[in-house]
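Asker: Single-letter residue listing:
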Amino acid sequence: MNLTLVRKYNKLLRKTDGILLHNPLLTLGLALPLAIIPSYGLIGTAAVSVAMLVCFVPTVFLSGLIGNRLPLWLRVVVYPVVSCLLLIPARYLVQNISPLIFDTIGVYFSLICVNSLLMYSIEKVQNKKPVAVLTFALRQWLGACLIAFLCGAIRELLANGSLWGFVILKDLPRLPVAQMALGGFILFGFLAALCRLIHRLILSFSLKAGSNLPQSSTERGEAGK
Amino acid sequence: MNSLRHHAPYIRHPESSRTVMSDAVIALVPLYFMSYFYYGSRVLFVGAFSALLCLACDWACNYLLYRRINFRDLSALVTGIIISMLMPPTIDFYVVAAACLFAILVTKAPFGGTGHNVFNPAAAGLAFATLCWSSKMFQYVQPLQKLPFTIDESVSILQGPTATLKLGGIPRLGLTELLLGNFPGTIGSTYTLIIFACLIYLIARNAAKWYLTLSYLIPVALLSAVNHPYGVDPLESIANEMFAGSLFFVSVYLLNDPVTTPKYRIARILYGFSAGLMTMFFRYNSPFELSAVFAILLMNALSPAFDCFCEWLMPKLQTATEKGGTNE
Amino acid sequence: MSFFDWLTTGSSHGILLEQEKEPALSKPFLPFLSSVSLQTQPFSHGYDLSKPLSKAQLSHIAALAHIIDERDGKPLSQKLDSCTKQSIDFLCADAIDDEPYVSSQLNPLLHCRTEIVTALNWLADAFEAKHRFIAVYKNMSSLDTKIPASIESVEVRRMEGRYPMEIRAFRNLGKNTLIIGSAALLHLYRAVTEGRVQTTSFITVAGNCVTNPCNLEVTIGTSVDQVLERCGLSREPSCLIEGGAMHGILIQNPLHTMVRADTRSILAFHIDRQEQLYNCIGCGRCIEACPSGLNPHKLYRCVTTNHAQKAISLGLHNCIGCSTCSYVCPSRLDLAYTITKGKQKFPNAKD
Amino acid sequence: MIFLTELFAAFLSAMMVENLLFARAIDIPGLYEKRTPGQIFTIGAVLMVINCISSIPAYLASGIFRSHAAFVPFMTLSFLLINGIVFILCYFAMQRLMPERFASIQKSLPFYGVNCVTLGTLLIAARMSNSSHFSSFFGYCLGAGVGFTCAMLVLWSIRQKLALTHTPKTFRGLPITFIYLGIVSLALFGLLGNQLPS
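Chains as they are written, first to last, in the working numbering: chain A, 2 to 226; chain B, 7 to 334; chain C, 1209 to 1559; chain D, 324 to 521.
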């Protein structure tokens, strides 16, 4: 059994830890409010992801620097306040993406400062070096935004056949449910299942492909070690 | 000579799971005859389409997930028939298709197939269709007219009696119309007499529990008697509430689905009673007329809780009876 | 059955089974003795039969004759010795055959009544038992022979109830009761009068592959194969069972399995095609059928998904293995087999 | 008497109609952990206590923000501060009053103190149209806590049944949780109709 392909695949997964392996939205189920409700359309997801970049990444970086000097009960109050302070400039930044964004997602924009992804990341980066903290935060942010954009696109297409407001598919019957919370839940359920299916398929194919690779590569592998 | 797959009881009860499923189908088919009598052949196309679509979808999912198809497993047929029963006769085919796909692909297949689903697939499919195309779902037609296959303007669209009930009025329907279902309504759920006969058949075949349907109808009757519209005597308001719409059909077929109801008797009575209360709560607060389906879905989520409550309660009752009276 | 009981138990204490005992029950049992039981010399116990025998004499005779009670497989003398100290209220002859096809206790009772009743009277006088009766199962329909109400002034009590009646029949008689199988009483009578050692046991040979089902008095030790040849097989049986159709044991190779003293029956079934297995749809029939009020539906699921603690808390170890749940299950699941497998896999906290 | 009817109306709408978890998809960190009903009730009690206590200062603050429109960006900050302070008070009060209960959940109490549910209820209650008088504000906060406990009990009950079933391998764990969350929110959307909650 030749596992070079499997090892290569696992190395790729470790490299992109937040995006493919432990995707915050699909495998850990964090940041539920930010994933389900604002992702009714691309505009909402864009606003939330920009705001997340502005206030989530610096807070996690700060918590990485401070480390565990703060006791837990204080940590839970200080870091949300910090990310809330960062939220105010983010609000003006998002203003010029689209002015009417705040009445549609309203509450959820201000929930960015308290969501469970922030809590998870703060606890995770306690004793890491600053560079590792920054890459961890960026990877988490990138993983969350990729999935949120994907869902936003699908739901907007399903609900009113448009992308970022420009109508593309005119004649298909509309499915208004896709924009509701239940559409988000079910879409996330199937996306998570799809990711797990892809992961299992890749593993099984690489195992099968690995077994009929020429044996010489394993000797060279042993020799090389 | 003797294969090792045989285990302890070497004789089995003649009735098999096939008969349990065919009981439900037998109890549903007479409603098709009545609706064919009222609305013509379009109804049979809708019913056949939804039943076969559900069955094909279920088998496809079984093949995809488990690599084997059990051709005798007809539970998806029952789901398909129930979905087509609660649709209006003038429904388009894509609405029925969407309800069936949602029922099987989302409510049944991911949970693990026939015996493992937590929610009643028919109820979930109908709730989805009501939420998406609520306007299409409540357009009814005066019965006793042969409907053309494609619905065009020649067909007069009416509002059902439940719409007037929702607005607080009272549909002036005599008792015979109520019992025979001779008023604009869904395909199969307004013929009270036939449904009652099918209920008796199901109870006789031990596929339905009489106390479950009864404990569902009692709160409905009480609440509709309490806040009946002004100037209407309570009995008539009870009859209208229950029979002028699909509530009685839901209480017989959706409630007695063996997979999603709890297993203990006390749990079943609690389940039926709270489902009745929830239906009336939904009926007064929900913008849709067909609100019993949403209540059943919510109660399906709570039925395992009733089971666990009963498991916790049982030993206490046993010890109480041992200390109290003589036990058996 | 008060409303409160109906509400809480939720189970109807077992199921009604068609007994199909008929062709074997009414025919008297046929001897199928091998050379061993023909040549055994009778022993002489040396007690004169005019005076009533005492407890010690009776258990001594039973020990000499090596009588084994077919009801629970214990030697008769050991059972009698263990009861010598207590005072016996009830002494009953057990002729309850509540399993279908099996009539190995009722048949000897019907065809040699006087011997069994006299043996019962001896024991009752020896133990000064206040009440003595013969227990026979009541819910047996379509019988050719009529079961008498009483045999020579000994009352025949009809134990009414659904299948697994054997376990619960004598539960409410209190602690000091002595229950002896009817065949053991017959052997005791022969030992006392003719001094014969017990070399035979009574079995029923039946099933849908046996041409003429009948009751046999077979020498202990003959192989199942010989017994089946004696009765003749109409078809190739797909499974051979020893000890009742509901919870008997599958015979792997009939050549090497011998008839023992407590074998009750040998059944040969031809099950045409085990129907395709369905998923359990949770119809709740097994819960209504379970006599000890368990929930076989949930136990099956706990055992298959290895939830040991939950299964034990649900009463996995109170299961008596009567397999009514598998009988009733419309999806043809092997509930009883899985639950008994679970009992071995998850030992109870105590033992 | 009107005080009670408004309170009950807001309570009912927060608990059933716009349930925090099913209609608004607001969750606490570690929502999917395996919990017993006892733990669920303690978490629900903590959420409800913090919600109710912090609803009083929050109501006063929302009065100020409603009059001066310029401070609106600072509304989330002020509600967060109120929530934080109330949580710290509760944290130390619980440490003193109920030490044994406190020891058992000390590790996870901070996460149930300041999270989306508590801050979210305050923000939504402030944005509600008829939150002009205190009864509907307080009723909404109370209803949100009770509603979230009921939602977690519903999840616990479905989890009890799913633990014993053979769900296919690709759907086991989180995917199936999302799906049955979606179906229960479908059931609760029957009350809302097809207008999205604010």
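Be aware that one or more of the hints could be misleading.
[What the hints assert, rightly or not] DMTMM-like cross-link-like pairs, simulated, lysine to aspartate or glutamate; straight-line CA separation at most 20 Å:
| no. | chain 1 | residue 1 | chain 2 | residue 2 |
| --- | --- | --- | --- | --- |
| 1 | B | LYS215 | C | GLU1230 |
| 2 | B | LYS142 | A | ASP18 |
| 3 | C | LYS1263 | C | ASP1297 |
| 4 | B | LYS152 | B | ASP239 |
| 5 | C | LYS1346 | C | GLU1363 |
| 6 | A | LYS125 | D | GLU356 |
| 7 | B | LYS322 | C | ASP1213 |
| 8 | C | LYS1282 | C | GLU1363 |
| 9 | C | LYS1354 | C | GLU1336 |
| 10 | C | LYS1235 | C | GLU1323 |
| 11 | C | LYS1293 | C | GLU1336 |
| 12 | C | LYS1287 | C | ASP1213 |
| 13 | B | LYS142 | B | GLU159 |
| 14 | C | LYS1282 | C | GLU1450 |
| 15 | D | LYS430 | A | ASP18 |
| 16 | C | LYS1287 | C | ASP1256 |
| 17 | C | LYS1518 | B | GLU317 |
| 18 | C | LYS1518 | D | GLU423 |
| 19 | B | LYS172 | B | ASP98 |
| 20 | B | LYS215 | C | GLU1363 |
| 21 | A | LYS16 | A | ASP172 |
| 22 | C | LYS1354 | C | GLU1230 |
| 23 | C | LYS1287 | C | ASP1470 |
| 24 | C | LYS1263 | C | ASP1289 |
[What the hints assert, rightly or not] In silico negatives: residues of chain B with every beta carbon more than 10 Å from chain D:
| no. | residue |
| --- | --- |
| 25 | SER28 |
| 26 | THR136 |
| 27 | ILE163 |
| 28 | THR325 |
[As the list claims (entries may be wrong)] Sample of chain A residues at the chain D side, in silico, Cβ under 10 Å:
| no. | residue |
| --- | --- |
| 29 | LYS171 |
| 30 | ILE187 |
| 31 | ALA193 |
Note that these hints are calculated values from the structure, not bench results.
Because the structure is a prediction, the values reported are computed rather than measured.
Positions of the beta carbon are idealized from the N, C-alpha and C atoms, including for glycine.
Asker: Go through the numbered hints given earlier and state which of them the structure violates, listing their numbers in rising order.
Answerer: Numbers 1, 2, 4, 8, 9, 12, 15, 16, 18, 19, 20, 21, 26 and 29 - these are the hints that the structure violates, sorted from lowest upward.
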